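Visitor: Could you put together the complete structure from these sequences and hints?
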Amino acid sequence: MLNKIKNIFDQGNKRTFVVAEMSANHSSNISNAFKIIDHAKIIGVDAIKIQLYKANRITINSNKKDFKIKNKSWKKYKNLFNLYKKAETPFEWYDTLSRYCKKKKIILFSSVFDLDTVDFLEKKNCPIYKIASPEITDIPLLEKVAKTGKPIIISTGLASKKDLDLAVNTLKKNKCRKIVILKCTSAYPAPLNELNLAAIKTLKNKYKTIVGFSDHSLGVVAPTIAVSLGAKVIEKHINLEKNKISVDDFFSLKISEFHEMIKNIRDTEKIIGNEDIKISKNSLKNLAGRKSIYVIKNIDKGEIFTKQNISSIRPSFGLHPKFLKFLLGKKSKKNLKFGQKMKLSFVK
Numbered sequence: 001m002l003n004k005i006k007n008i009f010d011q012g013n014k015r016t017f018v019v020a021e022m023s024a025n026h027s028s029n030i031s032n033a034f035k036i037i038d039h040a041k042i043i044g045v046d047a048i049k050i051q052l053y054k055a056n057r058i059t060i061n062s063n064k065k066d067f068k069i070k071n072k073s074w075k076k077y078k079n080l081f082n083l084y085k086k087a088e089t090p091f092e093w094y095d096t097l098s099r100y101c102k103k104k105k106i107i108l109f110s111s112v113f114d115l116d117t118v119d120f121l122e123k124k125n126c127p128i129y130k131i132a133s134p135e136i137t138d139i140p141l142l143e144k145v146a147k148t149g150k151p152i153i154i155s156t157g158l159a160s161k162k163d164l165d166l167a168v169n170t171l172k173k174n175k176c177r178k179i180v181i182l183k184c185t186s187a188y189p190a191p192l193n194e195l196n197l198a199a200i201k202t203l204k205n206k207y208k209t210i211v212g213f214s215d216h217s218l219g220v221v222a223p224t225i226a227v228s229l230g231a232k233v234i235e236k237h238i239n240l241e242k243n244k245i246s247v248d249d250f251f252s253l254k255i256s257e258f259h260e261m262i263k264n265i266r267d268t269e270k271i272i273g274n275e276d277i278k279i280s281k282n283s284l285k286n287l288a289g290r291k292s293i294y295v296i297k298n299i300d301k302g303e304i305f306t307k308q309n310i311s312s313i314r315p316s317f318g319l320h321p322k323f324l325k326f327l328l329g330k331k332s333k334k335n336l337k338f339g340q341k342m343k344l345s346f347v348k
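Quick note: the sequence shown, position 342, residue 342 per the working numbering, numbers continuous.
Source of the hints: derived by calculation from the structure; they are not laboratory data. Incorrect hints may have been included.
Below 30 Å or equal to it, Euclidean Cα-Cα: the simulated BS3-like pairs (lysine-lysine) are [what the hints assert, rightly or not]:
{"no.": "1", "residue 1": "102", "residue 2": "41"}
{"no.": "2", "residue 1": "263", "residue 2": "307"}
{"no.": "3", "residue 1": "6", "residue 2": "41"}
{"no.": "4", "residue 1": "285", "residue 2": "341"}
{"no.": "5", "residue 1": "201", "residue 2": "175"}
{"no.": "6", "residue 1": "242", "residue 2": "297"}
{"no.": "7", "residue 1": "173", "residue 2": "147"}
{"no.": "8", "residue 1": "41", "residue 2": "322"}
{"no.": "9", "residue 1": "150", "residue 2": "162"}
{"no.": "10", "residue 1": "297", "residue 2": "337"}
{"no.": "11", "residue 1": "162", "residue 2": "103"}
{"no.": "12", "residue 1": "103", "residue 2": "242"}
{"no.": "13", "residue 1": "6", "residue 2": "285"}
{"no.": "14", "residue 1": "104", "residue 2": "78"}
{"no.": "15", "residue 1": "64", "residue 2": "41"}
{"no.": "16", "residue 1": "263", "residue 2": "204"}
{"no.": "17", "residue 1": "14", "residue 2": "307"}
Have a look at the derived ranges for each label pair, beta carbon to beta carbon [claimed, not checked]:
{"no.": "18", "residue 1": "174", "residue 2": "263", "range": "35 to 41 Å"}
{"no.": "19", "residue 1": "276", "residue 2": "334", "range": "32 to 38 Å"}
{"no.": "20", "residue 1": "325", "residue 2": "277", "range": "50 to 56 Å"}
{"no.": "21", "residue 1": "334", "residue 2": "263", "range": "58 to 64 Å"}
{"no.": "22", "residue 1": "9", "residue 2": "328", "range": "57 to 63 Å"}
Source: prediction; values computed, not measured. For every residue, glycine included, the Cβ atom is placed at its ideal position computed from N, Cα and C.
Guide: In structure tokens:
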């Protein structure tokens with residue numbers, strides 16, 4: 001499994017690393033978490049990501065205007081605390097989920113939101129850390145995760161260029177050598193016209209890191225396009241087919257949709273191929289379909305080659321078409337038959 005993580009940073013490896021974000025889609029039931037892991041393994045997911053936090057470490061339980069929920073899909077939770085409390089993944093689950101994922105040979109890692117959680121996960125040997133875009137300005141948190149020496153994935157959804165500069169510089173100053181920047185739009189669901197996937201190339205060129213895409217849009221089109229633009233990591237929320245009570249269900253992919261996404265990504269990798277300009281293996285058998293110079297009318301010895309008796313036609317077993325101008329006006333050394341392929345040796 002560690003090789004899969006190493007491959008993210010191997011420039012020669014073209015395989016996309018697919019992360020299924022479980023988030024709150026376990027609906028506080030560990031059996032749902034097990035089912036998500038089971039299905040994720042079957043459909044070819046590389047890693048499961050969870051969000052490990054405690055609501056009271058992210059916000060406070062206040063009903064003042066600043067803390068009220070604005071997204072209509074989450075309105076019933078009234079304030080941020082209630083929403084985050086509902087979406088918590090219990091810390092007590094981590095060991096069990098870790099063992100289960102190890103058994104299933106699928107990677108498990110977590111987003112971190114505070115320093116204490118980093119300490120907790122370091123004791124558990126968490127292999128990757130994710131910094132969600134709201135935490136991208138939490139410099140003490142970035143410094144701490146960087147010093148773990150683990151690969152760090154950061155999302156750009158709520159980051160300005162200045163914020164991202166500071167975040168990446170902070171990670172590098174603290175000797176983090178394995179950074180993945182995920183292009184992200186932090187809207188739930190994210191409108192297609194705000195995804196701005198062209199920025200993937202900008203991120204690659206500016207920060208010289210591995211770049212991916214954290215997708216909150218509906219459907220499976222955006223991740224496939226992201227891969228075609230150079231995304232090497234794809235992260236998207238996953239949920240069980242019939243789990244409608246989840247906090248994140250309204251912008252998550254069902255298992256069957258996630259499977260379709262992965263198939264599209266793998267097909268896209270094949271389609272992209274490499275930068276070589278050459279005839280493909282299966283095209284070689286059709287080389288005969290190219291043109292070459294043939295006799296199209298019987299020619300007597302000493303007769304002049306003209307456009308009426310020789311021509312560049314299919315198939316390609318005759319003389320290369322580049323010699324047609326050279327041949328015209330020259331005399332034939334011998335009698336030539338209709339359908340005979342031309343040779344330079346026929347020229348007098």
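Visitor: Confirm or reject each hint.
Guide: Against the structure, the hints come out as follows:
| no. | hint | verdict |
| --- | --- | --- |
| 1 | 102 <-> 41 | holds, 11 Å |
| 2 | 263 <-> 307 | violated, 52 Å |
| 3 | 6 <-> 41 | holds, 19 Å |
| 4 | 285 <-> 341 | holds, 20 Å |
| 5 | 201 <-> 175 | holds, 24 Å |
| 6 | 242 <-> 297 | violated, 73 Å |
| 7 | 173 <-> 147 | holds, 10 Å |
| 8 | 41 <-> 322 | violated, 56 Å |
| 9 | 150 <-> 162 | holds, 24 Å |
| 10 | 297 <-> 337 | holds, 7 Å |
| 11 | 162 <-> 103 | violated, 42 Å |
| 12 | 103 <-> 242 | holds, 26 Å |
| 13 | 6 <-> 285 | violated, 38 Å |
| 14 | 104 <-> 78 | violated, 38 Å |
| 15 | 64 <-> 41 | violated, 43 Å |
| 16 | 263 <-> 204 | holds, 25 Å |
| 17 | 14 <-> 307 | violated, 50 Å |
| 18 | 174 <-> 263: 35 to 41 Å | holds, 39 Å |
| 19 | 276 <-> 334: 32 to 38 Å | violated, 42 Å |
| 20 | 325 <-> 277: 50 to 56 Å | violated, 27 Å |
| 21 | 334 <-> 263: 58 to 64 Å | holds, 60 Å |
| 22 | 9 <-> 328: 57 to 63 Å | holds, 59 Å |
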